[in-house]
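I would like the entire structure built from these sequences, with the hints used as guidance.
Quick mapping for you: the protein sequence lines, in order, are chains X and Y. Going by the working numbering, the letters in the first sequence line up with residues 1 to 191, in that order. Going by the working numbering, the letters in the second sequence line up with residues 1 to 575, in that order.
Derived from the structure by calculation, the hints contain no laboratory data. Note that CB positions come from ideal geometry on N, CA and C, so glycine has one too. Please note that the accuracy of each hint is not assured.
Computed cross-link-like contacts, DSS-like style, restricted to lysine-lysine with a CA-CA straight-line distance of at most 30 Å [stated by the list, open to error]:
(1) Y:K572 x Y:K211
(2) Y:K284 x X:K32
(3) Y:K225 x X:K186
Pulled from the structure, derived: some chain Y residues nowhere near chain X, Cβ distances all over 12 Å [to be verified]:
(4) P155
(5) C233
(6) P269
(7) V294
(8) Q404
(9) P441
(10) L447
(11) E564
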Amino acid sequence: MNRRKAIFSLLALGAGAVATYSGYKLYQVNKKPDLFFLDANTKLIAALTENIIPRTDTPGAIDTGSPAIVIYMIKNNADRKTQNNFIEGLKELVDYTKNTYNQPFPQLPFATQQQIVQRFYEKGKNYSGKIGKAKNKLLGKSFFDILKQYTAIAYCTSKDGATIALAYDYIPGKFEGCVPSKAGQKSWATK
Amino acid sequence: MGQTQDSPNVRINTSGIAANSYDAIVVGSGISGGWAAKELCAKGLKTLLLERGRNVEHIKDYPTASMRPWEFKNRLQLSELDREENPVQCLAYNEGSRHFYVNDQQHPYTQSKPFNWIRGYQVGGRSLTWGRQTYRLSDLDFEANLKDGHGTDWPIRYKDIAPWYDYVEKFVGISGHPEGIPHLPDSIFLPPMEMNCIEKHFAQKVKDKFKERYVTNGRVANLSKGWEGRGPCQYRNLCERGCPFGGYFSSNSATLPAAAATGNLTIRPHAIVYEIIFDEQKSKAAGVRIIDEVTKETTDFFANIIFLNASTIASASILLQSANNRFPNGLGNSSGQIGLNLMDHHSGAGATGEHDGYKDQYYTGRRPTGIYVPRFRNVSEQSKHPDFIRGYGFQADGERNEWQDLMQADNGFGADFKKTLTTPGPWTMWMGAWGECLPNPSNKVILDHNKKDQWGLPLVEIDFEFGDNEKAMRKDAQSAAAEMLDTAGFNNVQTFDYNFTGGTTIHEMGTARMGTDPKTSVLNQFNQMHDVKNIFITDGSCMPSGGCQNPSLTYMALTARACEYAVSELKKSNL
Numbered sequence: 001m002n003r004r005k006a007i008f009s010l011l012a013l014g015a016g017a018v019a020t021y022s023g024y025k026l027y028q029v030n031k032k033p034d035l036f037f038l039d040a041n042t043k044l045i046a047a048l049t050e051n052i053i054p055r056t057d058t059p060g061a062i063d064t065g066s067p068a069i070v071i072y073m074i075k076n077n078a079d080r081k082t083q084n085n086f087i088e089g090l091k092e093l094v095d096y097t098k099n100t101y102n103q104p105f106p107q108l109p110f111a112t113q114q115q116i117v118q119r120f121y122e123k124g125k126n127y128s129g130k131i132g133k134a135k136n137k138l139l140g141k142s143f144f145d146i147l148k149q150y151t152a153i154a155y156c157t158s159k160d161g162a163t164i165a166l167a168y169d170y171i172p173g174k175f176e177g178c179v180p181s182k183a184g185q186k187s188w189a190t191k
Numbered sequence: 001m002g003q004t005q006d007s008p009n010v011r012i013n014t015s016g017i018a019a020n021s022y023d024a025i026v027v028g029s030g031i032s033g034g035w036a037a038k039e040l041c042a043k044g045l046k047t048l049l050l051e052r053g054r055n056v057e058h059i060k061d062y063p064t065a066s067m068r069p070w071e072f073k074n075r076l077q078l079s080e081l082d083r084e085e086n087p088v089q090c091l092a093y094n095e096g097s098r099h100f101y102v103n104d105q106q107h108p109y110t111q112s113k114p115f116n117w118i119r120g121y122q123v124g125g126r127s128l129t130w131g132r133q134t135y136r137l138s139d140l141d142f143e144a145n146l147k148d149g150h151g152t153d154w155p156i157r158y159k160d161i162a163p164w165y166d167y168v169e170k171f172v173g174i175s176g177h178p179e180g181i182p183h184l185p186d187s188i189f190l191p192p193m194e195m196n197c198i199e200k201h202f203a204q205k206v207k208d209k210f211k212e213r214y215v216t217n218g219r220v221a222n223l224s225k226g227w228e229g230r231g232p233c234q235y236r237n238l239c240e241r242g243c244p245f246g247g248y249f250s251s252n253s254a255t256l257p258a259a260a261a262t263g264n265l266t267i268r269p270h271a272i273v274y275e276i277i278f279d280e281q282k283s284k285a286a287g288v289r290i291i292d293e294v295t296k297e298t299t300d301f302f303a304n305i306i307f308l309n310a311s312t313i314a315s316a317s318i319l320l321q322s323a324n325n326r327f328p329n330g331l332g333n334s335s336g337q338i339g340l341n342l343m344d345h346h347s348g349a350g351a352t353g354e355h356d357g358y359k360d361q362y363y364t365g366r367r368p369t370g371i372y373v374p375r376f377r378n379v380s381e382q383s384k385h386p387d388f389i390r391g392y393g394f395q396a397d398g399e400r401n402e403w404q405d406l407m408q409a410d411n412g413f414g415a416d417f418k419k420t421l422t423t424p425g426p427w428t429m430w431m432g433a434w435g436e437c438l439p440n441p442s443n444k445v446i447l448d449h450n451k452k453d454q455w456g457l458p459l460v461e462i463d464f465e466f467g468d469n470e471k472a473m474r475k476d477a478q479s480a481a482a483e484m485l486d487t488a489g490f491n492n493v494q495t496f497d498y499n500f501t502g503g504t505t506i507h508e509m510g511t512a513r514m515g516t517d518p519k520t521s522v523l524n525q526f527n528q529m530h531d532v533k534n535i536f537i538t539d540g541s542c543m544p545s546g547g548c549q550n551p552s553l554t555y556m557a558l559t560a561r562a563c564e565y566a567v568s569e570l571k572k573s574n575l
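What follows is the structure, given as structure tokens:
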């Protein structure tokens, strides 16, 4: 097993009872996920991914078709906890936006959208640190981390993300171990 | 096969002994079976190569080899279905290599204790997906059992195998750098794949500070220049999908085409070995009975010599399955040793660190190897460790953090995050130990006769766990790695132990060990069965101990050596 694989497998491991936790929360993360909610909210999810990776001088999440990939990966790749945490987070965000701004998220100005995402980012931060790690294991990742990581994967593996925002070398043909980086050096898209 | 339609109502079986007879049969087409086929064919033997899985033709059957990340539906991530259906195999595969791994549902086995048996049932076996790290053993390894009393003594020493290492390396093509380290002999090398800035820095600091510790370029069966009509490596680092450039060594790219070119090779895919047929009167193996994977029909094949290269666990199970009147406990098992002393290497303990320097340096191309720190514990009187015997080597690599790492950091969102995600982050180093596992008879493979697979064969039952010596070594590996990273000026140094279960390193060895005494070993010094002289076993099962080096190179050398011996014995009519 190589390094990369070892690290990715490690991320995939989720099991291991850490401590007893409120039964209701455990029920929430392990129940049958409401996957239809994803298809009913594609515009909201698209706007959220764009908040994570907006269009700048390079394409943004929406330009690269990332929202559909995020939805696909939540449906097919994510475990149940992740699915539930993502969907419950979406629902919470819908409610919060409605109650606070009386408008759907995608229709708000981008700056306002960023403030809302900031709120959920702060909320997700509770999950860091040692206690957070144990919590993560038991209850899964926070809504924000799920949104961020799936958006990043979808974006960085998309054609425009890999070839425009990052640097993609299909067939390098050679290896050079020490090359001066250029101004505005982009990361390699693949390892 | 072997049936012709004579009239609408009469079927005549023409697959008599003559039609199904060969000079040699090789069971298994992985890294050692490929070598056996190549060597036997080259020596003029009509050779039948049996493979339990499907055929995989070099280049033609590498469907994902040229795909870009966005062409994968799942963007190379594992799905929940992967984790549910293939909980073991998915530890090793991704969306680009999944088709070279078995399906856990189709190929069950019994785990007395958790053990990851990771397999590739196809022509080429796991030589398609192997890690390609290639290191010679030395007398430190060949004398280990004798000196500390674990296992039984190897019947050979380095001088016996050294010319055969040379022989196979000249064909394989191994890139690496000669270091003149006595306990890690140099191979015949193609140019090394160079270190990057942080690795050069690390190598220099280690050299300055530590005696008896070396840092060398990973020795790898990837071609740094064109070799034997293959390669060179294009630095795509997608080896596990099969290489359309033939940039790394596999049965499919190298040994099987060479064997086929002689005109002496017949490959029979979908051939699951039911048993080795034993001729009691001649006290020899007569041939092999197979079950067709698809039709489930049985067919007998006959040959003068048989090379068993089904891989460590499968070879042992075939012998146990082939029990008969003469050998009620398994063919050639008068010693009772078949299936015992299963070993793996332990891996996944070490340390990581970040470095502040070299921010103006990057790299280009994707090198399919890293760097290597050869074993430095228990290699001399001075380096004896109080807590464990034998040792480990570090495989390591330095790289700048990229999106895969950066997306997991607490670094916000929006335009700033995007900038971070797409810009090279700090240099990091990952070092993990690959360590020796002592031979121990309680780690074993037996047959679970209560459960059968879809071909009616008893399931393999694996009973394995790492012992205290391995655990002590893992503890030391963490602190030794951290110490080296600290010394080299890394910060945020963190130790890790992934606590991999047995099998995860995919280096199974030891279930039919070589030895001088037929009472305590299965094979002699030429990998010939003590009990059944025309059977040779040259996969990982032959290993009396495992060293800490990645073992495939040793299987290749032992195979070529055994083939030479087998054919000379055959010519002398001794078999």
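Find the hints from earlier in the document that the structure breaks and name them by number, from lowest to highest.
The structure conflicts with hints 1, 2, 5 and 8, although it agrees with all the remaining ones.
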